[in-house]
Structure formats: C-alpha cells, structure tokens
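Once you have looked at the hints, place chain B on chain A.
Number of protein chains: 2
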Amino acid sequence: MIQTIGIIGLGLIGGSMAIDLKRRGFAEHVLGVESDPVSAAAAEKMGLADEIVDCDQCISRSDLIVVAVPVATAVNLVCHILDSFKESDSTGKIVIDVCSTKEQINLATHYHPCRGQYVSTHPMAGTEYSGPWAAMPNLFDGRACILANAEESSPKALRTVEELYNVLNMRLIYMNASAHDVHTAYVSHISHVTSFALALTVLDKEKDEKHIFDLASGGFSSTVRLAKSNADMWIPILVQNRDNVLQVIDTYLNKMQQFRDAIADLDEDRVRSLIEEANRIKKILR
Amino acid sequence: MIQTIGIIGLGLIGGSMAIDLKRRGFAEHVLGVESDPVSAAAAEKMGLADEIVDCDQCISRSDLIVVAVPVATAVNLVCHILDSFKESDSTGKIVIDVCSTKEQINLATHYHPCRGQYVSTHPMAGTEYSGPWAAMPNLFDGRACILANAEESSPKALRTVEELYNVLNMRLIYMNASAHDVHTAYVSHISHVTSFALALTVLDKEKDEKHIFDLASGGFSSTVRLAKSNADMWIPILVQNRDNVLQVIDTYLNKMQQFRDAIADLDEDRVRSLIEEANRIKKILR
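Chains as they are written, first to last, in this note's numbering: chain A, 1 to 286; chain B, 1 to 286.
Here chain A stands alone, though its shape is the one from the complex (with noise of 0.2 Å):
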C-alpha cells in the first residue's frame, strides 16, 4: 500500500495501471501526468487520476512514480527522476517504468547512484489500441510482467513493485534486460512487424476497399489486428531493439520464401511438413 502513485503517460497502460492501483487499494491518491491536451482533458474526464498534474509536482509528491510513455522518451525521463531523487535526498522514493524493450534503460541507469530506487519492469499486456479511452479495468489479470535486472534494484524498492504487480494478478518473470530484448523480439515485435506488412500488402493489392471490408473473415481481422497499433508507441521500440528484430525478420524472410518455393514448384509434400511444422504453435498455446 501506497500513499501517493504518479502516473506519467495516462494512456492504455498508464491509464488501465490507475484504475486498478486505486480501486484495488494499492495506491490511497493517484497523481497522473499527461503532456498531450486532449487526452489530458479526456483523462481528467474519464476520472483515470484523482489530480492531473504536471510533471515536476508528480515527481515530488509521489511515493512510487510510474514513467509509462514511450520508450525514447522514458529513458531520459527515469534517469531525470532518478536525479531529482539524489537531489531532493529521497531515499524511500521508486521510480518504474513500463516500457516494452529494457536493454537501453538499463544501460542508461546502471551506473546511476539512485539505481537501486529504480526498478526495470514490462508488463506485459495490451490492446491495438491507444490513448487513455483505451484504458481498462482488468488489463492486466493473468498475463506475464518481466522484471529486468531485478538484481540491481534495493530489495525493498522490488518488494514494493513486486507487491504491485501482484495486486495487477500479474506472473513476475525474472529476466536479464539484452534476453528481455531478444525474446521479446522473438514473440512479441515481430508479430507487430508482420501484421504491419499484412495491412500494408492488403491495401496494396485491394483497391477497392469495399472488399476488403465484405470479406475480411475472422482470420483476417485478428491476424491483422496488430496493424491498428500506435506509430508513436512502436517506432522507439523497433529502433532500440533494431538489431535483435533485424535477426527475426531475418529469419522470417526465410521461411515465407521457403513457404512461396513450395508452393510455386507444387510441391505438396514439402507445404505439408512446413505447415504441420508450423502446427506445432498448438501445443504451445494451448
């Protein structure tokens, strides 16, 4: 329990983190920060903090701040924070973020004297969509939360952030912050990537976009779901963690073109044993 939590970035996920924090009584007051005028103005609506505030106030009045804008910002902002924690003497203070690639924040903070105040976190869920509209209560039930470089952390700052994400009903993965990238780019970036280059290749070729619309099946709709999500959130992502999702790519380049060889020489027996290979995604996931 907490007494005052400041949200920087009032959106999907700093926006679903406030209701739940409060109505689940972790936090007693909820500060949020929200640079954008629209969606500060639609965020004081929605009620998704007790107080909008500006940036320097959250800072110094919160107990735990949440940094949860997009990455090439958050870097400079959590080692700003963690500065203005050397300064004001506050030692009992934690700053999170939320942020969906780790190795750049954490190189960045490793050698801060406040790095134990900070705690490297990436929860794990999520929706195509953005904005604090997008914001939900339950968000975050059941899904997988990283922790990167927990080691570097206070014990008492991680109990604190541990304790949150349990209140979240989040599963805590421990995990250093260059695999974080790698995997996270395994299974997360790449399926943005290629759901970016499915609405892109469908646009192309589907002039008429009536079509489209008539005969997008369910397929269609949640394997390009993807493609409805945010420029602002997944360019910083897809630059920091450029070359871990060069090597994907890579990789994946490789397979369709095995995929399109197969099928341009006919050649049924090897579409079988790439697809019943492919198949084998069902007993991962259920």
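Hints are all accurate, no fakes.
Computed list of lysine-lysine pairs in DSS-like fashion (alpha-carbon distance at most 27 Å, straight line):
no.	chain 1	residue 1	chain 2	residue 2
1	B	K282	A	K210
2	A	K283	B	K210
3	B	K282	A	K205
4	A	K205	B	K283
5	B	K207	A	K282
6	B	K45	A	K282
Treat the hints as calculated values from the structure; they're not laboratory data.
Same frame as chain A, but now just chain B:
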C-alpha cells in the same frame, strides 16, 4: 425447407451447418457422411447428423447435398454427384460445395449437362480448429457467403441455396469464380501463409518453448492463431490458387523488405510512414 439434406464431410464447416440447418428447421432429416472412422464415430456420438450413412446412400436419398470436404476431393465429388443426378434423372436435386477456392471447381463443372443443379458457394466462416469436435452452433451468423458464378445455376436451385444461407444468417455476395480466387488470396489465404511463417520463425528462434509460453501476449497469440490450421484443408487451397497466392506473397515480401530496410537504416520517418499507412486498415475494419 428441405426434406432430406446430406452433408458429406462432418468437419468444422459441414458439422456446423448440420447443427444449425436442423435446429433452425431448414431440413427435416440430416444424413451425414464421414470417411475418417474416428471422426465418424465422434460425429455420431455428438449427434451432428440424424444418420451416418455412406456416400452413395447420401447421394441417392438427399434432396440437397452439401460437399464439405477439402477442395482437391470436392472437384471430383461434385462432378460425380452431378453424373448421378443425370443417370437417375433427378432433376429436382441440388448439390453445393463450400470450398475456399472456386475457379477450378467451376471450370470442371461448367459444361456438365446438370450444371444448373449445382450452386458454388463459399461461406466465409471458420476457426483454426478442424474435425467434428470443432463444429459449433451459430458459426455462420453475420459472416459473408460468396456465391460464385450464380448465373450458371438454375433459378430454382439458386433460390433454395439462398434460402439455406439466409437460415444461417449469412450476408450473400455474388462474384465470378476467378474474381473470388483473387480476392480471397488477398484477404484470406495470405493471412494463413503469414501466420504459418510466423509460427515457423518463432519455433526456430525460440529453442526453449517455455519462453514462447511465458511471453506470448494476446497480440502474438492472435497473430499466430491461424498457424494452427489444418494441412489437409490448406494444401489444396494454396496449390489450386497458386498464381494468386504467389502474387500476393511477392507483394508481402516486398513490404516486409521495406520495413526491414527502414529499421536497418534507423530511418524513423520511413518507419512512421509505413506504420501510418498500415494503420489505415483501422478505418476499414472498424
């Protein structure tokens, strides 16, 4: 309202049609044919049809026959059924297929003297599961059903089949067979291929399947869902629709390469314009 309907192939599509056509009163009596013994026993136990019979019995006793088997088998079977209509002088009987490719089956039947008694259909509904155990009520409600080359069917046969799909609550779309194969390649077949390739990629890169299980977010699961699809169904679709599928795969490979290059060059403007172009799919799919 039909006296006796015969459904050849009691899998996901055939089994689901059996359920709703019976309980919604379109057919008095449902005969089912299932060549796989395990599936036949399951279909019987599940009560998908009133009687499980052999193919010849089904053809001779049914007023309307639904061919719901993979498309390679369906082409010959529909011709065989039309032959039997001719031999037995059964001018009132109707046969339909429900296959995902339409050009080959329409070419094969085009000059058949009983062509008018055949209606070529593609109900665009389904899940990634197959077999009688995947059959479910309400599968077709609100989805699109394509009637291909409807002008080659007799007005009476067409009216009956339109009525059948009305009972299943489907939106009817009329299209010629070759346009059908082009558009379904663009909107449906490609998303299966991209899902198969995604599953192959992740299984290749993540040697430790526990990571896939742990880290699979909702986004990954929905993008890879179609990779669970059945080889027996998909091989003939990809082979029969080879030329259209190859064309759309090539466009896809090209879009993917553009994405790869923009990320490799750390060209954020180019990544942004690709993502924002892809985001247009939002407006089409709500």
